[in-house]
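Please model the complete structure; the sequences and the hints are all you need to start from.
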Amino acid sequence: MRQLDLFVNGLNNKHVKIKFKKELEENLSLNFLDLTINRFNNKHQFKIYRKPTYTDAVIPASSNHPWQHKLAAFHCYVHRLLTVPLSREDFDLELNTIYQIALSNGYTKSMINSLVQRKQARIVNSMLYAVLPSQSSNKYRCSISYVGRLSDRICGILKSNNVKVAFRTNNSLYSKLCNHKEKVDKGTRSGVYKLTCNDCSKVYVGQTGRSFNARFKEHVSAYRNEHPDKSNFAKHLLELNHSLSDSDSYEVLHYCGKGFRLDVLECMEIIRYNKNKTKYTNKIKNNYTEAGGNGLRLNISCEQKKLAALIFSLRPDYVDISVAVATPRGLVVPVLRNVESMDYPKIELTMAAIAEKARTGKLTPADMQGGTFTISNGGVFGSLISMPIINLPQSAILGMHAIVQRPVAVGSKVEIRPMMYLALSYDHRLIDGREAVLFLRKVKSGVEDPTSILAGM
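Numbering follows the numbering used here, with no gaps: position 59 of the sequence shown is 137.
It is possible that some hints are incorrect.
[Unchecked claim] Straight-line Cα separation of at most 25 Å, PhoX-like style, residue types lysine-lysine; simulated pairs:
#1 148 to 129
#2 148 to 92
#3 280 to 295
#4 520 to 308
#5 187 to 197
#6 522 to 491
[Stated by the list, open to error] Listed next, with one range per pair, are the computed distances between beta-carbon atoms:
#7 445 to 482: 30 to 36 Å
#8 522 to 142: 29 to 35 Å
#9 235 to 102: 54 to 60 Å
#10 424 to 145: 51 to 57 Å
#11 430 to 265: 29 to 35 Å
#12 87 to 122: 26 to 32 Å
#13 406 to 137: 25 to 31 Å
#14 142 to 192: 18 to 24 Å
The set of hints was computed from the structure by calculation and includes no laboratory data. No experiment lies behind these values; they were computed from the predicted model shown. Note that the Cβ used here is the ideal one computed from N, Cα and C, for glycine as well.
This is how it looks when you write it as structure tokens:
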């Protein structure tokens, strides 16, 4: 006994927050966790131990819980019944106890018998096979909220497609009746917001990684102190001599922290609140042709070059863009003609029609002649960067590449953002480096902030 005391004291001195206690057997019996261990003829005998305060309460059968949650306690009881070495008398006693618990909570004996039979079959299979035949290592897993029979049907469909489903319960009486969360001032959070002019229907949608209150105060300060360079909303009010309301014009649209999701939410809201659909028209021309203040400087064809002195005066007044299309027989470059007169939906439909025409081998030589500029996207095949070759007699070609996650500097922090390399090859006899670089910058700004094109902002 003295040695046992020294051993327990030594364990308790290892850590101030971890303490052990000793329990001595009584009548050759000792309760340990959920077992009663007896010593008899130098052998151990086991029984199931339940505290005097134990109740038979489990999730009742009438509860709106997933069936897996309801059976979880009985799976535990059956597992313990079959894995603990019990005598026949103790086995029957424990099985009757499980029956009683099931009946008290609305379940049936047949359900318990089914669990016992399945568990016994699994134990036998584990003895016969190193890996159970039904086990699959490539199963997908997902978690869905449980709302009743609809969730069970969804679970059945997912299981048939090798997806293992785990249910979660979001509805409870406690959550409906009690709410102990401290209310947080919404103005202290960040996200996407909307400002509405009181004197007209103009809407300004913006984002902030700081608090809404701080950003709104900046708009108010820029308006009252007449600093239009600090707020586009204040610039609108000052230029048109409109009034500002301190509360009515301010609305929170989304709560979100800094990151790529914040940019996407802002873009979505700008497009949603853009009621003037005609703003979409001719945006492709503007984005393509406004580089350096006169993007037509890239819209040149060598066929129109007569004299070197006349290079920059011979520029067409149309935009015919060649688009590289991969077909089973190789790469072809059909031409989208008069792109400057198209809106985005028409461009998408025209490109889809030309691509289908190319893949079915219905292109004619006339469909691939001409063009002033080519766009190629090797990124669809995984290309990270390349140097595209000019498609003569055109003057330039823009190569796009795969979008991958890369670390970039956003403000003073390093964040993981989707990145894509752009490559522009151009004929220096026709195009100055300045125009080429300004064109790339224009494309970059349009790709990074498509709202400037789609929403006409």
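Which constraints among the numbered hints does this structure fail? Numbers only, ascending. Checked against the structure, the hints that fail are numbers 2, 8, 11 and 13, while the rest are satisfied.
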